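Q: With the sequences and hints as input, model every part of the structure.
Residue numbers for the sequence shown follow our numbering, so the first one is 4 and each next one is one higher.
Source of the hints: derived by calculation from the structure; they are not laboratory data.
Since the model is a prediction, treat every value here as computed from it, not as a measurement.
All clues stand as given, with none of them false.
Pair ranges (Cβ atoms, derived):
#: 1; residue 1: 22; residue 2: 58; range: 30 to 36 Å
#: 2; residue 1: 102; residue 2: 29; range: 31 to 37 Å
#: 3; residue 1: 23; residue 2: 63; range: 31 to 37 Å
#: 4; residue 1: 23; residue 2: 71; range: 44 to 50 Å
#: 5; residue 1: 80; residue 2: 106; range: 19 to 25 Å
All C-beta atoms, glycine included, are put in the ideal place defined by N, C-alpha and C.
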Amino acid sequence: MVPLELQAPLQSSDILGGAAATVILLFQLALVGVQVAGMWTVFSKAGHAGWKAIIPIYNLYVMLQIGENRWWWLLLLVVPVVNLYAVYKIHAGVARAFGRGIGFGLGLAFLGILFFPLMGFGDYQYRNSSQLA
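A: If you want it as structure tokens, here you go:
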């Protein structure tokens with residue numbers, strides 16, 4: 004135990020640093036909440052339970068089902084460099100199921116914080132393959 008006279012006094016910068024860290028943490032949690040809410044509504048529009056969006060690997064499996072892709076795309080996520088294409092392929096399937104193209108698939112994959120709420124809360128409608136034929 005350090006004697007009381009040897010302890011450094013509390014600085015105002017320590018307090019401000021803690022406050023800044025708290026603000027940053029709250030901002031990050033808000034961003035995650037926005038993305039989860041967007042994924043939740045996308046899953047609901049596609050006929051899946053919204054809670055499936057918050058389960059880390061299972062949500063990718065559900066996105067494979069929405070995009071009508073095979074399950075083994077999940078295995079490619081552990082292969083370096085190939086995983087970038089696998090992430091795109093998973094999200095592009097979701098975009099295609101909602102009538103969107105390559106650009107929207109890239110947006111879902113790499114800017115999901117913007118594109119999942121856009122798709123979830125926007126006027127985009129889910130169209131499965133039986134509706135496209």
